[in-house]
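J.: Put together the whole structure using the sequences plus the hints.
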Amino acid sequence: MNKKIKLLLISSEMTPFAQTGGLAEAIAGLSKALKKFDLDIRVALPFYRSIKKMHLNFNTIAKQIKIPMGPSTLKGDIILFKTDENIPIYFIKRDRFFDRSGIYGDRRGDYHDNAERFIFLSKVIFKLCQIISFIPDVLHCHDWQTGLIPVYHKEPSIYNINYFSNTVSIFTIHNIAYQGIFKKDKFIFTDLPEDIFSQNGLEFWGKINFMKGGILFSDIVSTVSPTYAKEIQTKEYGFGLEELIKSRASELCGILNGVDYSNWDPKNDPFLASNYSSKDLRGKEICKKDLINEMELNKEMINQPLVGMISRLASQKGIDILLKALPGLIKMGANFVFLGKGEKGYQRDLKMIAKRYPGRIGLRFSYDPTLAHKIEAGSDILVMPSLYEPCGLAQIYAMRYGTIPVVRAVGGLEDTVENYIPQKGKGTGFKFKEYNAKAFLSKLKEAIVLFKNKEEWQNLMMKAMEVDFSWEKSASKYIELYSRGIDKKRK
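The working numbering numbers the first residue of the sequence shown as 4 and each following residue consecutively.
Don't read these hints as lab results, they were simulated from the structure. If you're wondering where the values come from, they're calculated on a predicted model, not measured in any experiment. It is possible that part of the hints are untrue.
Stated by the list, open to error - Calculated lysine-lysine pairs in the DSS-like style (CA-CA distance at most 27 Å, straight line):
#, residue 1, residue 2
1, Lys249, Lys270
2, Lys358, Lys292
3, Lys334, Lys302
4, Lys35, Lys85
5, Lys491, Lys292
6, Lys130, Lys6
7, Lys130, Lys358
8, Lys455, Lys441
9, Lys270, Lys476
10, Lys7, Lys157
11, Lys39, Lys358
12, Lys157, Lys249
13, Lys476, Lys327
14, Lys39, Lys7
15, Lys347, Lys441
16, Lys85, Lys9
17, Lys436, Lys238
T.: Below, the structure written as C-alpha cells:
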C-alpha cells in the first residue's frame with residue numbers, strides 16, 4: 004500500500020473519555036501509535052455522560068440523524084472533538100441511550116436496552132461515513148458492542164453497500180467471555196433479514212449474539228495475543244464459539260496490546276513518592292515505604308517481600324486460587340496489597356483473611372488510578388493467577404517498574420513474561436501452568452527465595468525493566484494486517 008490508509012476505529016470505550024477496563028487503554032494507545040505512522044485515523048465512540056462532563060471543545064457536526072430501529076425511527080447527533088494528537092473523535096450522541104451513570108450498567112446490573120444501544124451505534128457508523136465524506140479503507144471494530152458493524156457491512160439491503168464495497172472490516176476480540184447475548188425479541192431492532200437469525204448467522208442457543216456476528220461476517224478477525232488466538236479455538240477457552248473461530252483460523256491473528264510508556268514509566272511517573280530507573284533504583288524503596296504507609300501495613304516489614312495485585316474481583320482473574328494461597332503467602336513472610344472491585348463475595352472472603360493477619364494485608368475495593376501506579380512501583384512482586392487472560396497490562400507495567408510478575412502461563416501472560424531460569428540468568432518473571440493454589444504457591448516461593456538474594460533479584464529487575472512492549476511495535480503489525488486485507492479486497 005502506497006497511499007495513506009484511511010481507518011475508522013470503532014469502540015465503546017477509550018481513555019480518557021470512558022473506561023471500564025483494558026479495552027479503553029488499548030484503543031487510546033493504538034490510535035496514538037497509528038497516528039505516528041501517518042494513517043488517516045478517526046475514532047467513533049458513544050457520547051456518554053462521563054464525556055459530557057469533561058466540557059471539552061465539542062463541535063456538533065450533524066443533528067437529528069434518523070436511524071431506523073425496527074418499528075420506530077430514532078434520532079441522534081454527531082459531535083466532533085480533536086485530540087492533542089489531532090485524531091478526530093466522532094461521538095455518537097443520543098441521550099436516552101448514553102447519558103447515564105454507567106457505560107453498560109449500574110449497581111442494579113446491565114442496562115435492559117444494551118442491545119438497542121449498540122445496534123443504534125452500529126447503524127450510525129455508516130451514516131457518519133457518508134456525512135463526513137470519509138470512505139474508510141478499514142472499519143476496525145472492537146468487541147461485542149461493535150459486532151454488528153461487519154454484519155451491516157456485508158448485508159447490502161441495509162445501506163448503500165457500493166459506498167463501502169472496497170472497505171475491509173476487521174473485528175478484534177478483546178475478551179471472548181463477554182459476547183453481547185440478548186433475547187430473540189431484540190432482533191427486530193436490527194432491521195436485518197430474518198434469515199440472518201439462523202445457526203449460520205447471529206443465532207446462538209435461541210438468542211442473538213453480537214460477538215458471533217463480528218467473528219462470522221468480518222473480513223479479518225484478530226485478538227490481543229498470539230496465545231489467546233490459539234486458546235479461543237478450544238472448548239476450554241472458546242465460550243461456545245470455538246468451532247466458529249476454528250472455521251476462521253486462516254483469517255485469525257493475535258497481536259499483543261502495547262503500553263503507552265509516556266503514562267507508565269517510573270522515570271517520570273507523577274504519582275510516585277520518588278522516581279527511579281534501571282540505572283538508579285534507589286527511589287523504588289521510597290515507593291515501597293509510601294505504599295506500606297498508604298495501605299496501613301506493618302512498617303517493620305519493609306525488608307520483607309511485598310506482593311501486589313490489581314484486578315477485578317472475578318473468577319477469570321484467579322481470585323479462587325488467590326484466596327486459598329493467601330494464608331500460605333503470609334506464612335512465607337510476605338505482605339499483600341490488593342486494589343480492585345467486583346463480586347461482593349470475594350470482597351467478604353478477602354476481608355476475613357485480612358482480619359486474621361493484621362498489618363499484613365492491605366485491601367482497597369475501588370478503582371484508584373493513583374494507587375494503581377503506587378502498587379506497580381512499590382510492590383516487589385505482582386501476581387496474576389488468571390484462569391484466562393486475553394492479554395493483560397498490569398504484568399507489562401510491572402516489568403517496567405522493576406516489579407517481578409508471578410503469572411499463570413495463559414494468553415498474553417504466556418506471551419509477555421519469560422520464565423526465570425536461575426542457571427541461565429534469563430527471564431523476566433515466574434510462570435506456573437496448573438490452575439491451583441499449590442502450583443501458584445510453589446512459584447511464589449521460588450520468587451521469594453530469589454528475593455532474599457539481593458544481587459540476583461536486582462539483575463532480574465534490570466532485565467524486566469528493559470523489556471519493550473511499546474504500542475509502536477503492535478501498531479506496525481496492525482498496519483500489516485490492514486494492508487493485507489485491503490490488497491486482498493481489491494484483487
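J.: Please verify whether Lys39 and Lys7 have alpha carbons no more than 27 Å apart.
T.: Holds: Lys39 and Lys7 sit about 12 Å apart, inside 27 Å.
J.: With a cut-off of 27 Å on the C-alpha distance, tell me whether Lys334 and Lys302 pass.
T.: 17 Å, holds
J.: With the threshold set at 27 Å, check whether the alpha-carbon distance from Lys249 to Lys270 stays at or below it.
T.: 44 Å, violated
J.: Between Lys85 and Lys9, is the straight-line Cα distance small enough, at 27 Å or below?
T.: 17 Å, holds
J.: Holds or violated: Lys347 with Lys441, Cα cutoff 27 Å?
T.: 25 Å, holds
J.: Would the hint linking Lys157 and Lys249 be met if the CA-CA limit is 27 Å?
T.: Since the Cα atoms of Lys157 and Lys249 sit roughly 21 Å apart, the hinted pair holds (cutoff 27 Å).
J.: Are the Cα positions of Lys39 and Lys358 separated by 27 Å at most?
T.: 50 Å, violated
J.: Checking one constraint from the list: CA of Lys270 to CA of Lys476, max 27 Å. Satisfied?
T.: 21 Å, holds
J.: Against the 27 Å threshold, does the CA-CA distance of Lys130 and Lys6 hold or violate the hint?
T.: 25 Å, holds
J.: Taking 27 Å as the top limit, are the C-alpha atoms of Lys35 and Lys85 close enough?
T.: 12 Å, holds
J.: Holds or violated: are the alpha carbons of Lys455 and Lys441 at most 27 Å from each other?
T.: 21 Å, holds
J.: Between Lys7 and Lys157, does the CA-CA distance stay at or below 27 Å?
T.: Given pair Lys7, Lys157 holds - Cα atoms ~24 Å apart, limit 27 Å.
Checked against the numbered hints listed earlier, the structure breaks hints 1, 5, 7, 11, 13; every other hint is satisfied.
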